[in-house]
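Colleague: Listed here are the chains, written in short residue letters.
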Amino acid sequence: MTAVAPQHELENPLIEGLERLPVHPTALVIFGATGDLAHRKLLPALYNLAHEGALPERFELIGVARSENRHEDFQQMARESIQRFSRTKPDADVLEGLVSDMRYVPGSFDDPKVYTELGRTLSEFSEQAGVELNRIFYLSTAPQFFPVIAGALRDAELNRDERAETRIVIEKPFGYDLESARTLNASVLEAFDESQIFRIDHYLGKETVQNLLALRFANALFEPVWNRNYIDNVQITAVEDIGIEGRAGYYEGAGALRDLVQNHMLQLLALLTIEPPASFEANHLRDEKVKLLRSIVPPQVKGVHSMALRAQYGAGVVGGKPVPGYREEEGVAPDSRTETYAALRLEVSNWRWAGVPFYLRTGKRMPRKLTEIAVTLKPVPHLALRSEGSIGVQPNQIILTVQPDEGVSVSLGAKIPGPQMRIRPVIMEFRYGTSFMSQSPEAYERLILDAMRGDATLFTRNDEIEALWGIIDPILTAWHEDRHSPIREYPAGSAGPIAADSLLHQGQRWRKL
Amino acid sequence: MAQALTEDLWAEQDTTPDAIEAALRELLRERHAANQTLAPARVLNLVVVVDSDWKGEIANRLQRVGRYHASRTVLCAVEEGRTTLDARAVMSYEEPADGAGLAVMREEVEIDVGPEHLKHLETIIDPVVIAELGTMLWSPHGHDEAIEALLGMVDVILLDSDDLLDTGEAFDQATRLLRSGYVVDLAWLRTTPWRERLAASFDTSDRLAALRTMCRLGVRHRPGSNASALLLGGWLASRLGWRNGEVSIELEEVDQEAPGLAGVTVYCGEGLSVSLDRGRGGLRLREEPGGRSWQVLGASRGEAGILGEGVRQALLRDPTYGPALAAARRLAT
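Heads up: the protein sequence lines correspond to chains A and B, in order.
Heads up: the first sequence is residues 1 to 513, going by the working numbering.
Heads up: the second sequence is residues 1 to 333, going by the working numbering.
To be clear, the hints were calculated from the coordinates, so they are not data collected in a lab.
One thing to keep in mind: the hints can contain errors.
Take a look, some chain A residues computed to stay more than 12 angstroms from chain B by CB distance [said to hold, decoys possible]: (1) Gly-53; (2) Gln-128; (3) Asp-193; (4) His-202; (5) Leu-213; (6) Pro-224; (7) Trp-226; (8) Arg-228; (9) Ala-248; (10) Pro-277; (11) Ala-333; (12) His-382; (13) Gln-394; (14) Ile-398; (15) Gly-493.
Not everything, but these chain A residues come out facing chain B in the computed CB check (under 7 angstroms) [what the hints assert, rightly or not]: (16) Gly-17; (17) Ala-50; (18) Ile-427.
Heads up, the beta-carbon is just placed ideally off N, CA and C, and yes, glycines get one too.
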């Protein structure tokens, strides 16, 4: 035997150049494993990771839920979920390899016996593997169980292990206002360190959202104009043509502001406006986001009416079909004051963005499904060209579309062919999906793998969560306190209430949907 | 959602590169007039030089790479005795059946050329590829003259070191081409899952220590896949800084349907060995002492998947291939 001198004392010399880096052997425990999220997203995402050879070489999965099932029942449920919802056609051998070792622990989330069984199963897996498996507890449950499960894991001493990493992944919603978010943060932090906590917002796992960072920080074209000197206003729109789709139980307690603005839309705003981070290391990016979010001055409760507006959809027509109003939906109270539409005007009070209005709007039962960011530049300072006889020179717009088709459009002024110098706007469109290499992994695939690797870049930190709620909280309070004024209504299928125009500065208009 | 395939065609006999390029522009203009949502986002040119008799087989292989197709593929079919250029261009779009969503576009050009065109093939190809876009060259049937002519205009060369019977000659060729551009070697890509799994198996601190004591390597491969086997050995040798003779390497041919590797065993000090073998639904990993064995999940990519990965790799840069190739050349001798 001949010893070979190591090139690096501590680093693995075999990983250089590999796209898929090693992930430590891991056991993933899904609480709420029989629920809709596990069924539609988590289990198919795990299959796709397995299909691509991206799971750790030793990987075990344990499902925990209240319903009484045997291991075989859970395995069959997982098999069916994957066959139905996987983005790739399942390979029979890979599917069986993944599913056949899955375990199931039935019981109530506050029952210590569940955690005893969980601990025993985890130990058994580690023993079989001959190595201590990292543990990830994925909380895919109703939010009221988050502190219960975190506390029970601590009581069962499953929250830390000196021999391996232990992490907890918590689904949204993380709190329902600032106070509850703080309380939840505090209770989870009693059981886990911040470095162990991965608060998931699946929006951040979308390639489209990450491309926003690439667009800004990999292209010198945009950054010079990305400031108050050149940008007139920004509109962030996230609307859907569908209604609440039978989710009245959730939606009545949430509303449009909590459902989309507090998390996804403010995340988009943050990524659009942050300063370039020193690197994409988790805390560098999250530090910049927190700094930005803290630059958004929350409104005073009494001033909310001038910067935010809510409404509910009434009966109308969507896609040629008549649909009921929100209050007529099954499970919705006839006197419900839950908003299905919210529009806001925010300002980012820092050197780069002072004075630029940021308009956010979201709604259900709108004309179509669309998530986009529209950046409107200021008009040219002097127009030497004639504007009569044409629609004139329009300000340039940079449109970043998140869904349904990810892409970037730039509107330019161009000459109308003919003898006179007249100008028309033309739109130059780019769609990521028309290029090759465009098949994107599902957001959950990326995020689950990142959690297994311990990379928290695309997860939300505790101070970030509180900063997000801090912006929204006064609006929630104002709307909660206003129990008497009638809720505005917009016809289903329309672009929202006309009153939303009052949020805009003079000369501005909402983009057409 | 079901996809509807729309194809626009153009063909001309005894044509010129300028006419081909003009036809491509006209096809795009017509298509854009018909569908204003069409906005091609182009990433890569792929130039393929093939024997005329085998162009259908190569075109089929390229069709099967799926989403990892190049933006514009120019296939040059070399036909004995031909003195003029015949060309055919196809622009195809996969559109969702309901008319909404993206139109994914492929631009494919076939040019029939004669042997006498090869010496100055760049004068035919250069006007036809999309300017300022990365260009990859694949010449699976040799045609060294064409490769030489095109080297100045391509950025990436796709090859398969397993294609040549003489592995030493294949490595010499890859080394030579590596001096002119970036090389993507399908034989190297066949080793990717094995390299990933070996890296993972030695990723703990105690295993990293064991890596230093590696004394023997066994690589099992399909006959004709010597290059893949040697590249895996070359990779370990280059990453671990082996000196000649320090680690014995044994190659063993085994029957299997898929090209590439069938198994790898790494022997280290104190009786530790790690074996990976191709199995159903992934690789079978076995460790000694202890006899632990388990399946590492992963679906086979198949040869179409390997070729698609080769196209995708045109945009990436793997710094470990060159050193692995140099070490593999030494092992081959």
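Colleague: Would the least Cβ to Cβ distance between Ala-248 (chain A) and chain B come out above 12 angstroms?
Modeller: 29 angstroms, holds
Colleague: Against chain B, does Gln-128 (chain A) keep a CB gap of more than 12 angstroms to every residue?
Modeller: 8 angstroms, violated
Colleague: Is it correct that the beta-carbon of Pro-277 (chain A) has no partner in chain B closer than or equal to 12 angstroms?
Modeller: Nearest chain B Cβ is 23 angstroms from Pro-277 (chain A), so the label holds.
Colleague: With d taken as the least Cβ-Cβ distance between Ala-333 (chain A) and chain B, does d exceed 12 angstroms?
Modeller: 35 angstroms, holds
Colleague: Is the claim that Pro-224 (chain A) lies outside the interface with chain B correct, judged by CB distances over 12 angstroms?
Modeller: 22 angstroms, holds
Colleague: Beyond 12 angstroms from every chain B Cβ: check whether that's true for Gln-394 (chain A).
Modeller: Given that every Cβ of chain B is farther than 12 angstroms from that of Gln-394 (chain A), nearest at about 18 angstroms, it holds.
Colleague: Would you assess whether Asp-193 (chain A), listed as outside the interface, keeps its beta-carbon beyond 12 angstroms of every beta-carbon in chain B?
Modeller: 22 angstroms, holds
Colleague: Using Cβ atoms and 12 angstroms as the threshold, tell me whether His-202 (chain A) really stays out of contact range of chain B.
Modeller: 21 angstroms, holds
Colleague: With chain B as the partner, please determine if Ile-427 (chain A) meets the hint condition of a C-beta pair closer than 7 angstroms.
Modeller: 9 angstroms, violated
Colleague: Beyond 12 angstroms on every Cβ pair: is that true for His-382 (chain A) relative to chain B?
Modeller: 32 angstroms, holds
Colleague: Looking at Arg-228 (chain A) again, its CB stays over 12 angstroms from all of chain B?
Modeller: 30 angstroms, holds
Colleague: For Leu-213 (chain A), is the shortest CB-to-CB distance to chain B above 12 angstroms, so the non-interface label stands?
Modeller: Nearest chain B Cβ is 18 angstroms from Leu-213 (chain A), so the label holds.
Going through the hint list in order, the structure does not satisfy hints 1, 2, 18.
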